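Novice: Position chains B, C, D, E and F with the ligands relative to chain A; hints supplied.
Protein chains in written order, with my numbering: chain A, 665 to 1089; chain B, 665 to 1089; chain C, 665 to 1089; chain D, 40 to 151; chain E, 40 to 151; chain F, 40 to 151.
Heads up, a few of these hints could be off.
Straight-line distance between alpha carbons at most 27 Å, and here's what the computed DSS-like set of lysine-lysine pairs gives [claimed, not checked]: (1) C:K997 - C:K869; (2) C:K871 - C:K997; (3) B:K997 - E:K124; (4) D:K124 - A:K997; (5) F:K124 - C:K869; (6) D:K124 - A:K871.
Derived CB-CB ranges, DEER-like [said to hold, decoys possible]: (7) A:G876 - B:L1053: 46 to 56 Å; (8) E:I125 - F:A136: 43 to 53 Å; (9) D:K124 - B:R999: 50 to 60 Å; (10) A:L990 - B:L1053: 35 to 45 Å; (11) F:F50 - E:D53: 24 to 34 Å.
Residues of chain C clear of chain D, computed beta-carbon distances all greater than 10 Å [what the hints assert, rightly or not]: (12) A673; (13) A880; (14) V1041.
Keep in mind that the hints were calculated from the coordinates and are not lab data. Only a predicted model underlies this, so the values are computations on that prediction, with no experimental measurement involved. Every residue gets a Cβ at the ideal spot worked out from N, C-alpha and C, and that includes glycine.
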Amino acid sequence: MEELTQLSARIDGVGYALDTFYLLVMGALVMWMAAGFTMLEAGLVRAKNTAEILTKNVGLYAIACIMYMLCGYSIMYPGDFEGAVFRNLTTFGTGLVAAVDNDLAAVSGGDASYSRLADFFFQVVFVATAMSIVSGAVAERMKLWSFFTFAAVLTAVIYPVQGFWKWGGGFLEQLGFADFAGSGVVHLCGASAALAGILVLGPRKGKYGPGGAVNAIPGCNLPLATLGTMVLWLGWFGFNGGSVLRISDVGSANSVALVFVNTNMAAAGGLLGAMLVARAWFGKADLTVILNGALAGLVAITAEPVGPSPFGATCIGLVAGLLVFLSIVMLDKLRIDDPVGAISVHGVAGMYGLLVVPASNADASLGIQLLGLLCIVGWVFVTSIGVWLALRYTVGVRVDEQTEYEGVDLHECGLEAYPEFTTAD
Amino acid sequence: MEELTQLSARIDGVGYALDTFYLLVMGALVMWMAAGFTMLEAGLVRAKNTAEILTKNVGLYAIACIMYMLCGYSIMYPGDFEGAVFRNLTTFGTGLVAAVDNDLAAVSGGDASYSRLADFFFQVVFVATAMSIVSGAVAERMKLWSFFTFAAVLTAVIYPVQGFWKWGGGFLEQLGFADFAGSGVVHLCGASAALAGILVLGPRKGKYGPGGAVNAIPGCNLPLATLGTMVLWLGWFGFNGGSVLRISDVGSANSVALVFVNTNMAAAGGLLGAMLVARAWFGKADLTVILNGALAGLVAITAEPVGPSPFGATCIGLVAGLLVFLSIVMLDKLRIDDPVGAISVHGVAGMYGLLVVPASNADASLGIQLLGLLCIVGWVFVTSIGVWLALRYTVGVRVDEQTEYEGVDLHECGLEAYPEFTTAD
Amino acid sequence: MEELTQLSARIDGVGYALDTFYLLVMGALVMWMAAGFTMLEAGLVRAKNTAEILTKNVGLYAIACIMYMLCGYSIMYPGDFEGAVFRNLTTFGTGLVAAVDNDLAAVSGGDASYSRLADFFFQVVFVATAMSIVSGAVAERMKLWSFFTFAAVLTAVIYPVQGFWKWGGGFLEQLGFADFAGSGVVHLCGASAALAGILVLGPRKGKYGPGGAVNAIPGCNLPLATLGTMVLWLGWFGFNGGSVLRISDVGSANSVALVFVNTNMAAAGGLLGAMLVARAWFGKADLTVILNGALAGLVAITAEPVGPSPFGATCIGLVAGLLVFLSIVMLDKLRIDDPVGAISVHGVAGMYGLLVVPASNADASLGIQLLGLLCIVGWVFVTSIGVWLALRYTVGVRVDEQTEYEGVDLHECGLEAYPEFTTAD
Amino acid sequence: MKMITAIIKPFKLDDVREAIAEIGVHGITVTEVKGFGRQRGHTELYRGAEYVVDFLPKARIEVAVADDIAERVIEAICGAARTGKIGDGKIFVTELAEAVRIRTGETGPAAV
Amino acid sequence: MKMITAIIKPFKLDDVREAIAEIGVHGITVTEVKGFGRQRGHTELYRGAEYVVDFLPKARIEVAVADDIAERVIEAICGAARTGKIGDGKIFVTELAEAVRIRTGETGPAAV
Amino acid sequence: MKMITAIIKPFKLDDVREAIAEIGVHGITVTEVKGFGRQRGHTELYRGAEYVVDFLPKARIEVAVADDIAERVIEAICGAARTGKIGDGKIFVTELAEAVRIRTGETGPAAV
Ligand SMILES: Nc1ncnc2c1ncn2[C@@H]1O[C@H](COP(=O)(O)OP(=O)(O)O)[C@@H](O)[C@H]1O
Ligand SMILES: Nc1ncnc2c1ncn2[C@@H]1O[C@H](COP(=O)(O)OP(=O)(O)O)[C@@H](O)[C@H]1O
Ligand SMILES: Nc1ncnc2c1ncn2[C@@H]1O[C@H](COP(=O)(O)OP(=O)(O)O)[C@@H](O)[C@H]1O
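Isolated chain A (complex conformation) (with noise of 0.2 Å):
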């Protein structure tokens, strides 16, 4: 009997340690988003702002961490972690980590499936997730340092709160909102605020003429562009697939394996989706549009990945990859200046993300699916553009407009990017 209860235990542990390994995995591949869209949004701006676009993207991840850890876990899940992160504050040594992680009883007693410090881990990386999203739009243009002040808002606090809304057991959660992996939480979240920081920006100078006319900025360095979407791709592996948060056991595995298929498949979706409109509408296979598209088909199928079929993740992504394209189009006709898409990709893909979920999820309801996304949008776009014009109408938010002709690089960091490379401009 006691040998018994000690194999069981055994069995316990090891599965505990397949969670918790399982999920730190997932976490390393969400953090490898951030180098995915370091390179995408590097990319897709002029070589004279990639040097401030690298730095704010590296910035930000090392902000988003701190003030995670400082104070938006504790707010996003009040009673999970038993305010632990908070009491590691008090001590410099690991005494109370340790105290504070489970033990063996817990583990065997049903009441922890993996290492609490691996939860924060993969939560943490989410919320650089949502920042990352933010850099790209506002690129160009934007003091560095009035950036970084609204990137601690919204890790320490306006992320966090509608997390809490939905993964931390709050109002959302109770009513049902279904949002398996974050094309709520985390990508339209960090798509509102980065429309809030557009608006109060103003386009990028040069951008719109007389007239109605929409002039091309070509960003300087597909390649780049190119192996930033793929990084993403990788990183989503990791994003949608660890947010099963369970591995150790046939049914656990079984839907890991389903939602990495569906992430694939969802991406190949929009890619195809947004080339063959692009073919059609262009007469081009204009490649930045293709790379949206398939980050479109990534951002839909977020929210549940474990509902369609593989089939059905395609067309989820299909349709993703068109909806990025009229709204790349239509973005530009109001005058709304993404550089990077971002806002087509994660916010209207995440909207539309949100809004299928009822197609393969039997429980989720059409009309939840809309409050939730509303209340979302809602909450981050208001505190969203109130921080951003608190910093305009104090530190300013807009560099200059000699600074944005000769490149915010030089001014913001001292230093170009291709220093022997770059033709004048």
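Specialist: Same frame as chain A, now just chains B, C, D, E and F with the ligands:
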């Protein structure tokens, strides 16, 4: 007794979960190889053809995933999955998917050791790899949409048929043909299709001059080519390591570890071999040849990564590095214009890999290896040349001369990869 | 009873498999760091020296793997592997390899918890890391083949000897010297060898002017440098996370999770520290210093990632970021020309990391830490300077002035990294 | 005929082209150059080491014109390129001995 | 002495160099320039926004020659650079007051 | 006025600028050019195929000066740019018919 059964089932579950997780992680690494091919090829073409090679690579990945799901997988594994993926098409929801994946009973009964969907994921990234090999070889002169058409046919039919012969349980498998992870089924297959494409297309304008002159057409971005190679190297751990298909017991785990070590050593050997021979012959450490050497080592070990010792793997790699060097020089003498060395790396080293298996695997025979090699080359080359010729006499495969001179980027994609850097050429 | 034993053996097997798999995945992440160093260094040198730094990085990786297999591993772990790798050399086939890895009896007997080959894989990627540190520091002026000769000696002998002192069970281990994942054994080792190399080589021409003038020699491609840093950040999860060496029970899994979190927080802290001090001192967010800051945080936490709390790790990183900034400025005053900041990042932050261990680990003593630090620096610096001097007085270590002016790429590699972009300089 | 060479601020290039086109001159050749003059460059900072980038990117335009409209072209360039701030640039005029249109072999004023 | 400046299509550069070399002139200086003329540029499309790249890459070559061979050099350039299509370019000739070979200090026709 | 155009080795640019500045001339326009001359280029090797890069990067500097100091400027350039090795470059001098400072509209020697 019942407790024992329960415990046993729990162990089954954890083992199943571990194997599934392992396959998914390995599959994600193979997916990452798509980024490797993209960067490698983008680095080895000229700036004016870079956006198009990027488009080809992301596009072919999407097409490969979709065609293989729709058709290729069922051809390659007719029994295995009991037509489940096909049946998935009949429904949009997940019901059927859930029904077709394994349940605990199947697992405990020994009928299944990992998720079927994880298997599909691992397979689908392989077919994309095979197709990626083609894109580099036909770079800088092929029409985008003809390429995509070929990609659809290869991934839907050509690859799966010969894949079935070996991995689907077909006649090569029954004859005892040894090809552990696909030196033949994946790499030689891709190279054969590429060779057919090159023969139909002809060399890039200006590559060969009168009197046997071979002109250099330098790749425009060697850091990208190097990055691509290192991405492939990393991804290859998944490619070979995952092909053990099981890790959850001591023996399998040891095998996977040996595969990792041998894969790494063969790449190191290949790199060193190519570097030394380039040094001896050219007097220079030609980076592009060195990178090809590492890849040749990887391709060569792929046919049997559990056969040789780590030292043996290093030697196999060294020889592959030498062969790839000779092949690159010789193909140019034959006026076969392969901008990235795909035929040399995947074709020549692939054949060598197949033929060297008997040296470290007593169960393999040189005759059968040769037979398998010929079957693969024969089938893929003949069908491919048929498709290429059909394309040539209908929509055409080669861009017109002016497009080639100005770069395919402007004509196919409507944009430039490096609009601010490129100098007129 | 027998059933119980069988079940227990199966659990042993799954645990062994999980630990092996974990080590292999972590090792693959460390291998990926080689790509990180390559991109970082390629981004921080001038265009005309880029192909050569790429060649150096891939070449040194291959050389490190081969030399460590042939000789280094046996020196570092004389007992551990019972000479198995050496014995592997006597056969080409796998028989002996299979014989030397662990069997179930050894596992159940508690003698082994992961595959010996997985251990070799994890070790071999570490030695490559150490050597990668050197390449950046001596960039833009060293002869390629002298560098490779040094690489062979460092990875075959110099690194393994001091590695034995700590991880092979040598005297530093017995004294209680604490260096969890290698702030000293790997990073300080690499930095000491690099410093010796720089002193023998001298600064790049034009770096220092008369009257104490320090001239800037800007890196040519900051997106690559940023990508490299993020690759290293990701890889470091493997570097530190894998160094727990076991994950298959609750306690180990918690440790690994803590290591992941602390590694991430230290990097974030380092980045922020460097960014703030650069902002305060220069008035600009110098991206290259910020990237060095993140790496410094990573190096510093490497000595003890399970000691501090996440908050503590952030603080350790912050201080490292500050130190690295001061070190960069100071080394330039001392006219020690380190193009990528390797001495500051791996040397200064490595020493700091070793010395700060007692603050979060009660078992460690400052005295022993200092002793270990001195032993490592002493051994590596003295032997390295010997090798460098021997090379200098035989084949020479420094390229001639004209080669340096025209760029080492043309002379060593015979090609250019960016043939279409680079402007004359 | 005259060869008019002007060194101007790059962002004024489009304005200058339009101004010349109004006079009926459509052929222009533009070179990216570095200008050193009274206008100062900027200071960059790289890893703590200051360095001055003391050249400024300028556009150098060449227009070959018949003698009778040279004056008007010079005025048009002046008008379009002026910002009134230091660094606006210079115009240099040289005598053109001959001009040939390669395609047709035409020479003289008909060729420009 | 004459300074002959020609704006040609870049892919004709090698032919032109060879043609001049046959006359015995080996020194040439080449600049990459952007040409605006009657030949039209192309339209690119980026994320749905059209934009016209209306300049064309051209090579600008300068050759200083003694008066007696100027005519032959001009003819050689014309012959080698002509495709007969629009955009073939122009040749401009100016009087050279002096020429100096820096290495030796030689001046006049001996220097070119 | 004279327009002095010199083709020099790029790494001599700073020396030349300083030498000219000492005479009191501060305005210079520099173009990156490719030079073909008696100095040979280098051979590169790419995947086994040799190719000759037969042009050499050179800096082309233009300085417009008043007649009276033209001689001194030429000498200064010669002195600063000379290495005595092949490829040191050439100086070409043409007569300048007119010069205009765009900012102020000044013309003649006052403008250069
Ligand atoms: N004497 C000169 N010869 C050649 N180029 C000149 C000369 N003087 C000025 N330039 C060019 O004109 C540009 C503008 O000159 P600058 O002195 O800055 O302005 P301004 O014309 O307002 O006095 C310089 O950057 C340089 O390229
Ligand atoms: N008047 C001019 N002054 C300076 N450059 C000119 C002039 N006319 C033409 N060019 C140059 O010559 C190139 C070819 O001229 P274009 O009008 O296109 O062809 P064509 O000589 O066949 O009429 C132009 O791109 C431009 O660089
Ligand atoms: N006749 C010429 N016309 C125009 N440029 C010339 C001429 N001769 C030489 N050059 C330029 O001067 C550079 C140096 O000339 P080169 O013949 O190599 O050296 P050197 O002046 O020592 O004889 C060449 O690369 C070329 O750019």
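Novice: For the hint 46 to 56 Å, verify it against the beta carbon of A:G876 and that of B:L1053.
Specialist: Given range 46 to 56 Å: holds, Cβ gap about 48 Å.
Novice: Do A:L990 and B:L1053 keep their Cβ atoms within the hinted range of 35 to 45 Å?
Specialist: Cβ of A:L990 to Cβ of B:L1053: about 39 Å, so the range 35 to 45 Å holds.
Novice: Taking 27 Å as the top limit, are the C-alpha atoms of C:K997 and C:K869 close enough?
Specialist: Given pair C:K997, C:K869 holds - Cα atoms ~16 Å apart, limit 27 Å.
Novice: Need the status of pair F:K124, C:K869: alpha-carbon distance at most 27 Å?
Specialist: Holds, because 21 Å separates the two Cα atoms, which is no more than 27 Å.
Novice: Just want to verify: C:A880 was marked as not at the interface with chain D; is every Cβ pair farther apart than 10 Å?
Specialist: The claim is violated: C:A880 sits with its nearest Cβ about 4 Å from chain D, within 10 Å.
Novice: For the pair we were handed, B:K997 and E:K124, check the Cα-Cα distance against 27 Å.
Specialist: It is violated: about 36 Å lies between the C-alpha atoms, which goes past 27 Å.
Novice: Has the given pair, D:K124 with A:K997, been kept, meaning a C-alpha gap of at most 27 Å?
Specialist: Violated: D:K124 and A:K997 sit about 36 Å apart, past 27 Å.
Novice: Below or equal to 27 Å on CA atoms is what counts here, so check C:K871 against C:K997.
Specialist: Measuring from Cα to Cα gives roughly 11 Å; hence the hint holds.
Novice: Is it true that E:I125 and F:A136 lie within 43 to 53 Å of each other by Cβ?
Specialist: 31 Å, violated
Novice: Does the structure keep D:K124 and A:K871 at a Cα separation of 27 Å or less?
Specialist: 26 Å, holds
Novice: Lying within 50 to 60 Å: is that true of the beta-carbon distance D:K124 to B:R999?
Specialist: Given about 59 Å between the Cβ atoms, the range holds.
Novice: Confirm or reject the claim that F:F50 and E:D53 have a C-beta distance inside 24 to 34 Å.
Specialist: 27 Å, holds
Of the numbered hints listed earlier, those contradicted by the structure are 3, 4, 8, 13.
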